[in-house]
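Taken in sequence, the protein lines are chains P and A.
Take 7 as the starting number for the first sequence in the numbering used here and just add one per residue.
Take 1423 as the starting number for the second sequence in the numbering used here and just add one per residue.
By construction, these hints were calculated from the structure, which means they are not laboratory data.
Note that this is a predicted model, so its numbers are computed, not measured.
Wrong hints could be hidden among the right ones.
A few chain P residues that face chain A, going by a derived Cβ cut-off under 10 Å, partial list only [said to hold, decoys possible]:
1. Thr10
2. Pro15
3. Leu40
4. Lys63
5. Arg107
6. Lys262
7. Gly264
8. Arg265
9. Asn267
10. Lys271
11. Asp276
Glycine is no exception: its CB is placed at the ideal position from the N, C-alpha and C atoms.
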Amino acid sequence: MRSTNPYIPMPVEIVKITDEVDTHDIKSFRFKFLNAQDEARFQYLPGQFAELSIYGKGESPIGIASSPTEPGYVAFTVQRAGAILPGLVTAALHDMEEGGRIGLRGPLGHPWPIEFLEKKNLVVVGGGFAFTTLRSLVTYMLHEDNRSRFGDITVIYGARTPGLLCYKEELAAWEKRSDIKTIITVDKGNETWKGREGFVPAVCKDVAPSPANAVAVICGPPVMIKFTLPVFFDLGFSKENILTSLEMRMKCGIGKCGRCNVGYKYVCSDGPVFSLAELDELPRDF
Amino acid sequence: MLKKTAIHQLSDLASALMGKGTLVAPVREDAGFNFREISDAKQVDLNFHNTIISPKSVFFPQAEDFVRYRTGRPLQEAETVEPEGKPLILFGVRPCDVKSFEIMDIHFSGTGAVDPYWQARREAATLIGYAFDVTAPAEPEEFYQTLGIGAADPEGSDIFMVRRGDDLILKSITGKGEALLAGIEGLAGASADDEKFFDDTVAAGRNFKTRFTCVDAKTITKKLEDLFHNTDFWEKASNACLSCGVCTFACPTCYCFDICDETLFGQGTRRRVWDACMFTDFTLEASGHNPRTKIYQRLRQKIGHKYSYHVRKYGVISCVGCGRCTRYCPVSVDIFSIVEEAMKA
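This is chain A alone, in the form it adopts within the complex:
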């Protein structure tokens, strides 16, 4: 199913979507764009390149309550915060970020124990992807082409959107997307010409140039295994690193979390919060032993995990080339360059 709407009527589309469930979409904020729950349809703004924080926060919030308890009261009185599966529409996700959900699904719900919070939100969500502008150059940090992700790949989205001049073309990709699209009134039918434009954009997206280096999962996995003991390599790579963890928080595929109890005035919450392998106490044991006291060891863990360990465990590289880690790194540590260097080693 192919539909379209004029871009100046975007808030009408947003209003219609808000009638179908919680709408989460890009919103302009002081520092840039972020995905937010929409309360006013006019907030939705597609004049963005990509968001600061990745949309993983929609399914894996930065802080998520598991239990609410009162100190001094029996354990059985604690209240479990059950996973919520309310209908949610995630609107305007770039193809590289759409890909990140597929990678996260393998970890959170596809292998081993199922994370009920992730799974409930994912199943209740309809994903509306949005092609990058394939006529403008990529941002300098982006390298999704290296990882085989196109600038306009519709795979993984339920509905995929392409901008054509002052119009927004919407195409349903899955049955779920078709059901949603069919239920939205006020959209115009798209012409055969629109359809051709949509297909041409997808094709152009596949050849869209970002930073590129030849990486195949098997080779980089082995290269990084071999480089593990090359302390010179990792010290050089982490020379400027502050170990601040920004890269992991902005990353769409970093999933490490802490579970902690926060009690105030007798009322408490056990919750999970994002954590980062870049922090020195991440692996600090009660005995005082810590296998990763040095910054180079932690950066090696982060890159090794994404490009080697994850491949060996789950079969895929845990990176989508969105470039956020490099863009927001205060000292410009560049994962792409490190991977590129590792491939040459």
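Chain P extracted, bound-state conformation:
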């Protein structure tokens, strides 16, 4: 019998590893649960995260990249940390192969507010590797059971170079669909790149999505967010209709360990999804 102790991870097995980028430091991992009851209990929605747990190394909170409309596995896109600090868990995971086993705690945090998003036009803006839970959201909305619940969907996704775009095959598939407008951009192209060049904020300004009945969901590096937000304000999006997902160092993921405290919120259990209006209520301490 497995305990319901929230600090104890569930065992999962790696069933697929995808090398996402040409620098090989971002990989997607698909896991299947080793116990059926764990899988049944792991009911999640796009925007939530989980702790990836490797005994002897530790735990890392990572956004869920798969969508609940993709049964049989749960996926995470993980960057090998280490450019600045040694990332014990992400390095160990990157060194594992299919068939390897780790632990999983979750799902944790609040998802993108699906009910709030229903019947609205969605503008999904992502930069680089921060696209993971947005990939989950878009996949969820595009599912045949869900597509009619949402209005127009516009995706604006950018990376520094073509080789740093994640989920390349899916992006190509989205570009062919008529029920989603997909705009891919890179800061700087190469000899084979035929797509758009330009920074995400400039592309957003160029695309100029209508704020009418629309919600913008924006995730990316701080510098991208900093220059993208004014574009959306100028377009007429209100702070209630701009959503993002906050990062903060975490340990427990269930609102107990105090680490991700920002003002009166815990990013893990009160977030990580916040509207800009909610963030305005918090001290700038993140």
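With chain P held as given, fit chain A onto it using these hints.
Chain A only, in chain P's frame:
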């Protein structure tokens, strides 16, 4: 139910309590008093003012194992350390520290996810509170009166004790306390005069003078929100702060913890250990980003959390005025003065 015992027979009472469960009580140590599990009834010593480390460690130990694992072995073989709920008697807790448990309960088991370790220990514990001596002056660091806590408040205890000369008067406050008190042989019945003394002490405790400043939760919450961007204020307040974290470890309501794996010779333990928002790597992210690199930012977080964020999240100030943070601070950073200054801002 009201009982009493002569103070020189304290070890008899301790022996009787040890028959009812694990007894944790104040013990004299080299540096001062601390709560310890009692193996010899004679160790129990009530000639203390308050302990160095708060009794939170009884329910939230400084290090607590979650899992024991062996490297290279399948994950499923790891052994979960389940929460333990063995009967425990926590003896001689001062009223301000009793209050701290109520505050910690809101966080650990009353709101959101339940922490099974905290909850199991709390539910299995009987709390025996102990009034401060209301005839002697308070210690200079104490300010529980500011927070509406009396020196002899019995609320929150299962049994509450008041010292009367060479006697110790024990009164059951809850059904749990009454059941325990009724089961202890060798206690004398208390007189009507003892009862009056007990009630008078409780009343005197309510007017007992500690450091005092007028603080209401709503006002200080707002004041600290407004002061957040006043860097001058926080730099001045943290001028001497070493960011050593002593204040958080001694504090009865600081609950931040780390979860870490410790492996030696293939055997490992995943455990939680106390952590402190005063440490620079507390908020250091893998990317290198750290929102609180400066000491003033961390002291602002600690005080903001206790007197503002916690109030807005849980409705109560997360401080009981025990004064430990000031008493043990190596450079005398004084939370009371900072709060007092914030109220004037």
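- Closest C-beta approach of Pro15 of chain P to chain A relative to 10 Å, hint status: Hint on Pro15 of chain P: holds, closest Cβ of chain A at ~7 Å, below 10 Å.
- Would the hint on Arg265 of chain P stand, with a C-beta cut-off of 10 Å toward chain A? Given a least distance of 7 Å, the restraint on Arg265 of chain P holds.
- Message: Holds or violated: the hint that Lys262 of chain P contacts chain A, with Cβ atoms closer than 10 Å.
- Response: 5 Å, holds
- Task: Grab the minimum C-beta distance from Lys271 of chain P to chain A and call the hint holds if it beats 10 Å, violated otherwise.
- Result: OK, holds: Lys271 of chain P within 10 Å of chain A, min 8 Å.
- With a cut-off of 10 Å, does the beta carbon of Leu40 of chain P approach a beta carbon of chain A closely enough for the hint to hold? The hint holds - Leu40 of chain P has a Cβ within 10 Å of chain A, the shortest such distance being about 7 Å.
- Does Arg107 of chain P pass the interface check with chain A, least Cβ-Cβ distance below 10 Å? 5 Å, holds
- Interface hint compliance - Lys63 of chain P to chain A, C-beta minimum distance less than 10 Å: 6 Å, holds
- Report holds or violated for the interface hint on Asn267 of chain P, using the least CB-CB distance to chain A and a cut-off of 10 Å. 6 Å, holds
- Hold the hint about Asp276 of chain P up to the distance rule: shortest CB distance to chain A must be less than 10 Å. 8 Å, holds
- Task: Please verify that hint: Gly264 of chain P, Cβ, nearest Cβ of chain A, below 10 Å or not.
- Result: Holds. Min distance 4 Å.
- Message: Checking hints one by one. Is Thr10 of chain P an interface residue toward chain A, by the C-beta closer than 10 Å rule?
- Response: Thr10 of chain P check passes; min Cβ-Cβ to chain A is 8 Å, inside 10 Å.
In summary, the structure agrees with every hint in the numbered list given earlier.
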